[in-house]
Amino acid sequence: MTQARPHRPLRALLAELWQDKPAALGLAVILAIVAMAILAPLVAPYDPADQSILSRLTPPVWNDRGSWEHILGTDNLGRDVFSRLIWGARTTLTIGGLTCLIAAGIGTVVGLWAGFMGGRTDSVLMRLVDIQVSFPGILLILLVVGVLGPGMWTLIIVLSVTNWMVYARLVRSVVSSTRQTPYVEAAEVIGCRPSRVIFVHILPNLVSPLLTLLILEFTNIVLAEAAVSFLGFGVQPPDTSWGLDVASGRDYLFIAWWLVTFPGLAIVATVLSINLFANWLRVTTDPEEREKRHARTVAARRRRRGTA
Amino acid sequence: MTFRVLAMSAGLAALFMSASGGSVSAQAITIAIGSEPSTLDPQLRDDGGERQVNDNIYEALMARTPEGELIEGLAAAAPEQIDETTWQFTLREGVTFHNGAPFNADAVVASVERVIDPENNSEQMAYFGTIAGAEKVDDMTVIILTSGPDPILPSRMYWMKMIDPGYAAEGDLASAPVGTGPYMFESWDRGTELELAAYPDYWGGEPEIDEVTYRFVPEPGTRLSGLMAGEFDVITNLLPEFTSTVPKFAAVPGLETSVFVLGTDNEVTQDPKVREALNLAIDREAMVQALFMGYASIAKGTHVNPAAFGFNDDLDYYDYDPERARALIEEADAVGAPLVVVGESGRWLKDREQIEAVAAYWAETGLDVTTDIQEFSQYLDSLMGDGPRPDAIFIANSNELLDADRETSFIYHMDGAAASNSDAEMAEMIDEARVETDEDARQALYDEILKRAHDRNYTVPLFNLQDIYGMSERMEWQPRTDAKLIISEMSVSE
Amino acid sequence: MTDFILRRLFQGFLVVFGVTTVVFVITRLAGDPVSLMLPLSASDEQRAAFAAQIGLDQPIWVQFLRFAGDVALLDFGDSLWQRRPAMEVVFERLPNTALLIAAGLGTAVVLSIPLGAIAALRPGGLADRLTTSISLLGLAMPQFWLGLMAIMIFSVTLKWLPTSGIGTPAHLVLPALTLAMTPLARFTMMVRAAMIDEMNTQYVKTARAKGLGLGRILRVHTLRNIMVPFLSISGWELITTLSGYTVVVETVFGWPGLGLTAVQAIQRGDLFLVQAIVFSIALMIVCIGILMDVLSKMIDPRIELN
Numbered sequence: 001m002t003q004a005r006p007h008r009p010l011r012a013l014l015a016e017l018w019q020d021k022p023a024a025l026g027l028a029v030i031l032a033i034v035a036m037a038i039l040a041p042l043v044a045p046y047d048p049a050d051q052s053i054l055s056r057l058t059p060p061v062w063n064d065r066g067s068w069e070h071i072l073g074t075d076n077l078g079r080d081v082f083s084r085l086i087w088g089a090r091t092t093l094t095i096g097g098l099t100c101l102i103a104a105g106i107g108t109v110v111g112l113w114a115g116f117m118g119g120r121t122d123s124v125l126m127r128l129v130d131i132q133v134s135f136p137g138i139l140l141i142l143l144v145v146g147v148l149g150p151g152m153w154t155l156i157i158v159l160s161v162t163n164w165m166v167y168a169r170l171v172r173s174v175v176s177s178t179r180q181t182p183y184v185e186a187a188e189v190i191g192c193r194p195s196r197v198i199f200v201h202i203l204p205n206l207v208s209p210l211l212t213l214l215i216l217e218f219t220n221i222v223l224a225e226a227a228v229s230f231l232g233f234g235v236q237p238p239d240t241s242w243g244l245d246v247a248s249g250r251d252y253l254f255i256a257w258w259l260v261t262f263p264g265l266a267i268v269a270t271v272l273s274i275n276l277f278a279n280w281l282r283v284t285t286d287p288e289e290r291e292k293r294h295a296r297t298v299a300a301r302r303r304r305r306g307t308a
Numbered sequence: 001m002t003f004r005v006l007a008m009s010a011g012l013a014a015l016f017m018s019a020s021g022g023s024v025s026a027q028a029i030t031i032a033i034g035s036e037p038s039t040l041d042p043q044l045r046d047d048g049g050e051r052q053v054n055d056n057i058y059e060a061l062m063a064r065t066p067e068g069e070l071i072e073g074l075a076a077a078a079p080e081q082i083d084e085t086t087w088q089f090t091l092r093e094g095v096t097f098h099n100g101a102p103f104n105a106d107a108v109v110a111s112v113e114r115v116i117d118p119e120n121n122s123e124q125m126a127y128f129g130t131i132a133g134a135e136k137v138d139d140m141t142v143i144i145l146t147s148g149p150d151p152i153l154p155s156r157m158y159w160m161k162m163i164d165p166g167y168a169a170e171g172d173l174a175s176a177p178v179g180t181g182p183y184m185f186e187s188w189d190r191g192t193e194l195e196l197a198a199y200p201d202y203w204g205g206e207p208e209i210d211e212v213t214y215r216f217v218p219e220p221g222t223r224l225s226g227l228m229a230g231e232f233d234v235i236t237n238l239l240p241e242f243t244s245t246v247p248k249f250a251a252v253p254g255l256e257t258s259v260f261v262l263g264t265d266n267e268v269t270q271d272p273k274v275r276e277a278l279n280l281a282i283d284r285e286a287m288v289q290a291l292f293m294g295y296a297s298i299a300k301g302t303h304v305n306p307a308a309f310g311f312n313d314d315l316d317y318y319d320y321d322p323e324r325a326r327a328l329i330e331e332a333d334a335v336g337a338p339l340v341v342v343g344e345s346g347r348w349l350k351d352r353e354q355i356e357a358v359a360a361y362w363a364e365t366g367l368d369v370t371t372d373i374q375e376f377s378q379y380l381d382s383l384m385g386d387g388p389r390p391d392a393i394f395i396a397n398s399n400e401l402l403d404a405d406r407e408t409s410f411i412y413h414m415d416g417a418a419a420s421n422s423d424a425e426m427a428e429m430i431d432e433a434r435v436e437t438d439e440d441a442r443q444a445l446y447d448e449i450l451k452r453a454h455d456r457n458y459t460v461p462l463f464n465l466q467d468i469y470g471m472s473e474r475m476e477w478q479p480r481t482d483a484k485l486i487i488s489e490m491s492v493s494e
Numbered sequence: 001m002t003d004f005i006l007r008r009l010f011q012g013f014l015v016v017f018g019v020t021t022v023v024f025v026i027t028r029l030a031g032d033p034v035s036l037m038l039p040l041s042a043s044d045e046q047r048a049a050f051a052a053q054i055g056l057d058q059p060i061w062v063q064f065l066r067f068a069g070d071v072a073l074l075d076f077g078d079s080l081w082q083r084r085p086a087m088e089v090v091f092e093r094l095p096n097t098a099l100l101i102a103a104g105l106g107t108a109v110v111l112s113i114p115l116g117a118i119a120a121l122r123p124g125g126l127a128d129r130l131t132t133s134i135s136l137l138g139l140a141m142p143q144f145w146l147g148l149m150a151i152m153i154f155s156v157t158l159k160w161l162p163t164s165g166i167g168t169p170a171h172l173v174l175p176a177l178t179l180a181m182t183p184l185a186r187f188t189m190m191v192r193a194a195m196i197d198e199m200n201t202q203y204v205k206t207a208r209a210k211g212l213g214l215g216r217i218l219r220v221h222t223l224r225n226i227m228v229p230f231l232s233i234s235g236w237e238l239i240t241t242l243s244g245y246t247v248v249v250e251t252v253f254g255w256p257g258l259g260l261t262a263v264q265a266i267q268r269g270d271l272f273l274v275q276a277i278v279f280s281i282a283l284m285i286v287c288i289g290i291l292m293d294v295l296s297k298m299i300d301p302r303i304e305l306n
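Chains as they are written, first to last, in UniProt numbering: chain A, 1 to 308; chain B, 1 to 494; chain C, 1 to 306.
Treat each hint with caution, since some may be false.
[What the hints assert, rightly or not] Derived Cβ-Cβ restraints for the label pairs, each shown as a range: (1) B:A169 to C:P95: 57 to 65 Å; (2) C:V110 to B:E494: 42 to 50 Å; (3) C:R66 to B:A424: 50 to 58 Å; (4) A:E188 to C:L74: 47 to 55 Å; (5) C:E88 to A:T181: 16 to 24 Å; (6) A:E188 to C:R208: 45 to 53 Å; (7) B:A169 to C:E88: 19 to 27 Å; (8) B:E113 to C:E88: 53 to 61 Å; (9) C:P95 to B:G100: 52 to 60 Å.
[What the hints assert, rightly or not] Which stretches of chain A does chain C cover? Using the computed rule of at least three CB atoms under 8 Å from a CB of chain C, they are: (10) 102 to 115; (11) 177 to 186; (12) 221 to 229.
Hint data in this document are derived by calculation from the structure and do not stem from the laboratory.
These numbers were taken from a predicted model, which means no experiment stands behind them.
Don't be surprised by glycine CBs; every beta carbon is placed ideally from N, CA and C.
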């Protein structure tokens, strides 16, 4: 934990990822979704808000009534489902990314502070974390939305405020364990300024566990955003969001299954890919887990050879 | 008249059933409604869920035929107007409340006084604001007093449900109602379901369906699923797309009319030529087919409901004429001029679809059209606030009283909350019509008002929307214009 | 032990106080409760009367003390939508939510232990890979989507189960299973991982070498050892379910519990009812937290606070 990981060239890392096919696939899907989100105006065949009353509820292309004009069909306003998926990726990733960054930012600062100051500050801050943890997440969003009205920024702020505690706890535990190592103690004894100690000795040790947590939390945010938008308290039309599209497609479930199915699948694909990749990342960055994985692979190989 | 025929046929049907079967099994149906009643007190809230239940438990002095014609209900005949502010009602004989109490003049006086009592702060005062009080003449005769001349008092009395004063004092009106209607309250498991049973001593004869269960299903998609899965017999607000999916459906012209209100003092829309062009530019027939699958009719030159008193039969809608519209915009020197169309989304049937489609038609005239779909509270502010009037704002107007007064005061009268014109002459006519108690003179005034607003293109009327109900295979029912779910008018074929 | 419980209770009290403050701050300071709750057409006199009725004319600290006092008595005022005390509505809907959660989490717990154990017996084997894949999929599926798909398949197409509402045991099946999916996936993964770790420990290996049956080893040693982590993860899962998933599942299936009621209360601008629901759920979460800590401590006395 304390010594920096030996430098591994990217190529070797990729080769290792290639061993884990699901994780490699996950990464590929994530990259595709990110590219789609960034290049949305170029990739999307239509403006997601463009309506055409005459071609509403067109089914996907492989259906008899479908056409190549709208690959995944159109919705109740004649908007192109595929374009909406692409723009929806943008909304989802923006909200997920911003929320995770803000939450991780707050959490890291609080965690560093608590871990470093120790004593009274530590216990007060950690009590605060306890209060936060007992706060009902989605219900708190409902309360805030009830007062302030729905909107993307309300959502980002509330999600950040309800999610920073995980980071604070993680950072605090890393900080307090790092501080007890001889070289940090030594640095403090020779009079290094606390900020210097944090930057030089503690932050590097935080990067890898924080990154893993960030990625895992990202999926929670994606799911939460979708759920809140589905309930009608998150992203508001004319903006697009996968959760919102499932909600508006719900009324047409019987005659237009594609309206609910595709945005739902987009959410599943995103979360699943991230989970697969994060799982690999967690194991790869944790020496103990790496060892276990290696042992399992060897055992499995031996077993296969044995049964063959 | 019609009511008596209905009552007779119901009576005959009952007779026929008892004669033929002898042991006809109890008829029970399940209805899915969008929202649970907030209370079952019939006089406090303006709540659709409450009405959908209480319309079967309670009755009012006046009633309407399914087509919307005002007829006598608990009154024995149409009221007699004694002077400008006094109306006399003679009551129907032999009517009893479900608890056995007689319906008489005391009940009417108590009902009126309870609704208008400021202590009760009733939301229904929006309908009863002009009523000053009620007095008993004799046991079966009552007079109702208004604060000023009020020609629509009879229509108002169709909204006021009659309660038993004794039960109001001692019983639990809010959760175990007692009325005079064809159905009695049975049970209410809050959040789950509500049950009614036929009232055997109903003055109009016992209704055909014996047991009714209401279930509360907020989502239209879920209501439809329940109907398809065979759980419900009647569901409300069926989308036109599903008429071919459900086992059975019924459509009826409803109370809502969609319309754009034009800002006649705004830079671009102050020109009558531009406003006429906006009316000519829309292919309303194509929209009826594409958006509503034909389940809407084109509003004839006004947003006043065709079933309402005061509707002008002589007006017609503008035919689609894009060339003429473009020519008018050029004549007005308005090519490329900005036009902002304000609207909302999700409140009314296909609101956003209508707004966007119309905006697209308008863009073809050469105007530079932008659509501003606002969040609902912001939209309400645009519609009714004190700020500058929008160039064009969408609204689906509805009028339960079926009288032109509310629609004209709201949208045509220059001081009306949603009006965007400054036509003082027309405002005077509307004020005059409000207090004119002679029916013919009043109709003449409205004919003139509606024609004037149409000729000057103060609004762009769109469609009278139809209410569509989904039904199970065994249901027989013709829905009503006033959108009430009257179960005694339904029947079941096995 | 008593000392531990007392300390934990005191902490819980602090948390509840914090929650009260946050609810107060959000509803009174962030917005204007009067314009939120009264219709747009309300007159100025009506607004002033309503403000006085809920004490808005008082200084802020008086308002807070009154609010905290009311909260202590579980008095959140009358629901504007239902015109009866907000807590009455909460107590009426609470059993429905409790039933749904009990059925959902119960299913998840009962199914996850055998599933996780089977997967752990041969890591990398067919059963393991199948269980793991399905679990990963379960974690990625939003409940609202899963619920809609379930309605589509089991209610509308196959007509096996009702689409929505409450009343018979059949009404419970789809919502409970939808709610169970995510926790089931998480529990299964957790049981599997813990079992694999356990099976690799020296004492299990020794016991197996001595010829003890695998079933007995699992029952006597392994299961007991994973009890504590299992308990804490179920407590955590119970909390997440209470604070979020139920809202979604209840809305999809029209299940009249606290979550659906909260959504409807917001749509109707009924702030008092929303407050009552949010506070009640926060209170339950705090209690569950304490209960879980005490239980863990009883099973394994070595556990320290924090």
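Now for the hints, and whether the structure bears them out:
1. For the hinted restraint 57 to 65 Å between A169 (chain B) and P95 (chain C), the CB-CB distance of approximately 33 Å leaves it violated.
2. Between V110 (chain C) and E494 (chain B) the C-beta distance comes to about 43 Å, which sits within the given range of 42 to 50 Å.
3. At about 51 Å, the CB distance of R66 (chain C) to A424 (chain B) agrees with the hint of 50 to 58 Å.
4. Roughly 50 Å separates the CB atoms of E188 (chain A) and L74 (chain C), a value that falls within the hinted 47 to 55 Å.
5. Take E88 (chain C) and T181 (chain A): their Cβ atoms lie about 58 Å apart, and the range 16 to 24 Å is violated.
6. For the pair E188 (chain A) and R208 (chain C), the beta carbons lie near 49 Å from each other, so the given range of 45 to 53 Å is met.
7. At about 23 Å, the beta-carbon gap between A169 (chain B) and E88 (chain C) stays in the expected band of 19 to 27 Å.
8. Taken as a hint, the range 53 to 61 Å is violated for the pair E113 (chain B) and E88 (chain C), whose Cβ atoms sit roughly 29 Å apart.
9. Look at P95 (chain C) against G100 (chain B): about 36 Å separates their beta carbons, and that is not inside 52 to 60 Å.
10. Closer than 8 Å: that is the beta-carbon criterion, and the stretch 102 to 115 of chain A has 0 residues meeting it against chain C, so the requirement of 3 is violated.
11. With 0 residues carrying a beta carbon less than 8 Å from a beta carbon of chain C, the stretch 177 to 186 of chain A misses the three-residue requirement, and the given coverage is violated.
12. Figure legend: the stretch 221 to 229 of chain A, annotated as covered by chain C; annotation consistent (4 residues with Cβ-Cβ distances under 8 Å, at least 3 required).
Figure legend: structure checked against the earlier numbered hints; hints not met, in rising order: 1, 5, 8, 9, 10 and 11.
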